[in-house]
Amino acid sequence: MAGNTTEIGEDKEGQVDTKEKVDAYISHHLKDSHDFSLFSYTNDAGERKHVGFPLPVIIWTSNGLVTFMSSEFHHNDNGEVIVEKDGLKFAKIHSKIYELEAGAEAVSFDEEHHATNAHKVLDFSITKSVVGILLIGLLMFIWFAGLARQYKTKQVPTGFGRVLEPLVLYVRDEIARPNIGEKHYRKFTGYLLTVFFFIWILNLLGLTPFGFYVTGQLAVTACLAIFTLIIYTANGNKDYWMHMLWMPGVPVLIRPVLAIIEIAGAFLIKPFSLLVRLFANITAGHTVVMALIAIMFVMKDSLGVVGATGLSFLLSVLIMLIEFLVAFLQAYIFTMLSALFIGMAVAEHDHDHAHDEHGHEVPDAEDVRGDFI
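If you want our numbering, it's the 1-based position in the sequence shown plus 80.
If you're looking for bench data, these hints aren't it; they were derived computationally from the structure.
Here the structure is a predicted model, which is why all the values come from computation and not from measurement.
Zero decoy hints are in this set.
Straight-line Cα separation of at most 20 Å, SDA-like style, residue types lysine to any residue; simulated pairs:
1. Lys111 to Leu135
2. Lys200 to Phe148
3. Lys101 to Ile373
4. Lys234 to Leu244
5. Lys165 to Ser142
6. Lys200 to Ala184
7. Lys200 to Val146
8. Lys101 to Asp112
9. Lys111 to Gly291
10. Lys169 to Leu202
11. Lys176 to Glu192
12. Lys101 to Ala371
13. Lys176 to Ser142
14. Lys350 to Gly316
15. Lys200 to Thr141
16. Lys165 to Gly183
17. Lys111 to Pro289
18. Lys169 to Phe204
19. Lys176 to Ser205
20. Lys169 to Pro136
21. Lys165 to Ser175
22. Lys350 to Ala299
23. Lys200 to Leu145
24. Lys350 to Ala314
25. Lys111 to Asp157
26. Lys111 to Met149
27. Lys318 to Leu338
28. Lys263 to Asn317
29. Lys111 to Ile373
30. Lys200 to Ser175
31. Lys350 to Leu409
32. Lys101 to Asp381
33. Lys350 to Cys303
With the sequences and hints as input, model every part of the structure.
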């Protein structure tokens, strides 16, 4: 753990007591970060102290790969601190790392505060979101490897495995099996379990004071949506592609139009709905929580310290309870929709049907999913 010092006048994250400062503070802290800050405070000498962990900066520059620790930026995010490495100069502006042009000593900005003498680099850094992903991935591997080992020696898991088992059965029996069908659900249950627990635990981690807003990063939700896209595209059967490219049962002249709509739905609309729904709900939730916490600062003059703090605490607790529900709900919705999209791709339409006591065909889950195609 390390602490860095900045002067109050230079620190853009000093006292947050106006609406403009609150908006800027929330916007900044919902972004990914190259360092891990636990908290900040101002000492008696008027210096701003940041307590946390630096993270590795790994960037591809005009001279190749360059690495250093994020602490060399001293928590500066407006391009004032210049880091020199391997004969090159770098600055961090709005959480993005820029390489200065040859001969430049400082970053120049235009009227819209865009750097005019620096350009972005390819950033492969271990950011705060990457730390969260690696941490949750490791924990999930340990937890579920332990649960699998228990099944080799006992019928009923013990310890933490007893908590995991009903959740695993819930995803299998309530999400995978009814949406994909008895014939294919086992093949995709592993993926559905992974995304469910990955999203849910990361959502819960984002509610802690550690600031892991992983599922509030558009790049992360986009990757998860692309994984689902690849899976249902790669496993789509002939019925799936036939209904998409040459819809049976409709006039021939209409089929090309429907094909365009179906292709757009499969490759654009479905993954876009997955990534935006998760990103928007998680980001909105964190924004509301931080805005309610800020009430104690922006309304202390009108309500008093006790009144503003009490109101902020009460509203924050209530919204946090809702956020716990949303954390589970968003993991459930993403997993459910992924299972539905996969089930639509693997549904088989030419098979024997069950019949009721009167001899009528009974539509099964694959028939119901087929109506969506």
